[in-house]
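Visitor: Protein sequence lines correspond, in order, to chains A and B. So for the first sequence, the working numbering puts the first residue at 309; every next one is plus one. So for the second sequence, the working numbering puts the first residue at 945; every next one is plus one.
Calculated directly from the structure, the hints in this document are not laboratory data. Treat the hints with care, since some could be wrong.
[Unchecked claim] Okay, derived cross-link-like pairs now, BS3-like style, lysine-lysine, Cα gap no bigger than 30 Å in a straight line:
| # | chain 1 | residue 1 | chain 2 | residue 2 |
| --- | --- | --- | --- | --- |
| 1 | A | K466 | A | K486 |
| 2 | A | K486 | A | K370 |
| 3 | B | K976 | A | K350 |
| 4 | A | K479 | B | K976 |
| 5 | A | K466 | A | K370 |
| 6 | B | K976 | B | K1050 |
| 7 | A | K466 | A | K479 |
| 8 | A | K350 | B | K1050 |
| 9 | A | K479 | B | K1050 |
[Unchecked claim] Ranges between beta-carbon positions, derived for each pair:
| # | chain 1 | residue 1 | chain 2 | residue 2 | range |
| --- | --- | --- | --- | --- | --- |
| 10 | A | E527 | B | P1061 | 39 to 45 Å |
| 11 | B | L972 | A | H426 | 29 to 35 Å |
| 12 | B | L995 | A | G374 | 25 to 31 Å |
| 13 | B | E1037 | A | D546 | 55 to 61 Å |
| 14 | A | S528 | B | P1010 | 20 to 26 Å |
| 15 | A | S528 | B | M1051 | 29 to 35 Å |
| 16 | B | R1011 | A | R393 | 38 to 44 Å |
| 17 | B | D968 | A | M461 | 25 to 31 Å |
| 18 | B | E1037 | A | N557 | 54 to 60 Å |
| 19 | B | Q1023 | A | D353 | 28 to 34 Å |
These figures come from a predicted structure and were not determined experimentally. Glycine included, each C-beta is placed from N, C-alpha and C at the ideal position.
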Amino acid sequence: MPTDRKRTDDALNPDRRRLLAGAAGMAAMGGGFSIIRLALAKNDDEAVSSLTRWGLLIDTAKCSSGCNACVSACNDEHNLHGFGRPLTDPQWIRKLDLVDEHTGHESSLPMLCQHCEHPPCVDVCPTGASFRRDDGIVLVDKHTCIGCRYCVMACPYKARSFVHEALSNQKSYSPRGKGTVESCTLCVHRVDRDRTPACVEACQSDGGGAMVFGDLNDESGVLAGALRDHPSSQVRRDLDLNTGVRYRNL
Amino acid sequence: MGLDRLVPFVALILALVSPAASADLPELPRGKGDACVAPTDEMRRDHMDFLLHQRDLTVHDGIRTPRFSLVECVDCHVQRNSEGGFIPVDAPEQFCEICHTYASVKMDCFGCHATMPDSASADANTAASVVHTDDVLGVMSYRVTPVPEGGGTDAD
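Chain A with its partners taken away, still in its complex shape (with noise of 0.2 Å):
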């Protein structure tokens, strides 16, 4: 475990302590697991750090055509809703039916923002509203977006929405207005606190349990240990964008 990214004062931070003394008590009853999570717990006051990367696993084969629970989850989480124009209305994370035409296989997998290490929406922005934090996570800073929408045209994705109506009702951890581009936040507001994308939850509750979640650099953790044990793959890896979302079975 990198010790870096501890802050010196963090021995002297009580809350940290009780988190720390936690830890250990879960990691006590339940294996090492716990401690490596929950040390790595980010203070309110650090700022996010290259050392961790997030990422998502989507296993296709439990992903089932019906369940749309990813779906709803985070509509309900960021308090997206439509206006009947269903080629406007925002999306963050959708279903699609795959058919293989050659074999007739078919397949479900959900869509979302693939958090690119090159992410071409970041390389067109003319304003920098379009940008990848430190931990992998591309986002759009609304409070530089004009609304040219240059990100939605090159994301290969389709994973870019433009909120076209003025919006009322939002969420105090989810801002979004009207002229502004928008996409899956991989739950910013709950990863910065500790907790699983809104999603993924859903999917493990709900759903197949078709996703894992976690940080791709923490070779310890799930699931980089997912990844180096299982094939997996990118959607269009020919476009070299190192995406942070991969799938498996596809």
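Since the structure of chain A is already known, use the hints to place chain B on it.
Guide: Quick look at chain B alone, frame taken from chain A:
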């Protein structure tokens, strides 16, 4: 100049410079707790700079300290109506709006940001999922079909 000619002149000057000629100072609704996160004078003068600084730290670096967080401002300063429901902070006479109207400064925070704590807006919208046909996977020789009815529903 006789005194009788001076009186109306002095009265006119007094009328021009007296406070009664300016708009009344806004009376701000009180927030929760004993004190704000900084002295009132400082908050009046510099709150926009605090918020601007904090927003960049939060959006780009994930720093989520509560002191100058807009969400915390709203949580403390939001008022309730007679039925106990929250009144948006950007409604007329409310904490943010009353001063911004007085100072004639337009704020655009609340085009995107929540004007009330989350509990009040939780049930305001039904979620909808819109399913699009798509060709992003075309390169892999897949044909993409929309998820059948029942998978997603429209709000309207």
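Visitor: Each hint needs a verdict: does it hold in this structure or not?
Guide: Taking the hints in turn, this is what the structure says about them:
For a cut-off of 30 Å, the pair hint linking K466 (chain A) to K486 (chain A) stands: about 19 Å separates their Cα positions. Between K486 (chain A) and K370 (chain A), the direct Cα distance comes to roughly 36 Å. Violation of the 30 Å bound is thereby established for this hinted pair. The straight-line distance between the Cα atoms of K976 (chain B) and K350 (chain A) is roughly 28 Å, inside the 30 Å bound, and the hint therefore holds. About 21 Å separates the Cα atoms of K479 (chain A) and K976 (chain B), which keeps this hinted pair within 30 Å; it holds.
Restraint check for K466 (chain A) and K370 (chain A): the C-alpha separation of about 23 Å stays at or below 30 Å, so the hint holds. For the proposed pair K976 (chain B) and K1050 (chain B), the alpha carbon gap of about 25 Å is at most 30 Å, so the pair holds. A C-alpha spacing of about 24 Å is found between K466 (chain A) and K479 (chain A), which places the hinted pair at or below 30 Å, so the restraint holds. Using a Cα cut-off of 30 Å, the hinted pair K350 (chain A) and K1050 (chain B) is violated, with the two alpha carbons roughly 36 Å apart.
Of the supplied pair hints, the one linking K479 (chain A) and K1050 (chain B) holds, its CA atoms being roughly 22 Å apart against a limit of 30 Å. Range check, E527 (chain A) to P1061 (chain B): about 41 Å between beta-carbon atoms, so the 39 to 45 Å window is met. Roughly 49 Å separates the CB atoms of L972 (chain B) and H426 (chain A), a value that falls outside the hinted 29 to 35 Å. With their beta carbons about 45 Å apart, L995 (chain B) and G374 (chain A) fall outside the hinted range of 25 to 31 Å.
The hinted window of 55 to 61 Å between E1037 (chain B) and D546 (chain A) holds, with their beta carbons roughly 58 Å apart. For S528 (chain A) and P1010 (chain B), the Cβ-Cβ distance of about 32 Å falls outside the hinted range of 20 to 26 Å, so the restraint is violated. The hinted window of 29 to 35 Å between S528 (chain A) and M1051 (chain B) is violated, with their beta carbons roughly 47 Å apart. For the pair R1011 (chain B) and R393 (chain A), the beta carbons lie near 41 Å from each other, so the given range of 38 to 44 Å is met.
In this structure the hint that D968 (chain B) and M461 (chain A) lie 25 to 31 Å apart at CB is violated, the actual value being about 52 Å. One distance hint, 54 to 60 Å for the beta-carbon pair E1037 (chain B) and N557 (chain A), holds here, with the actual separation near 59 Å. Between Q1023 (chain B) and D353 (chain A) the C-beta distance comes to about 30 Å, which sits within the given range of 28 to 34 Å.
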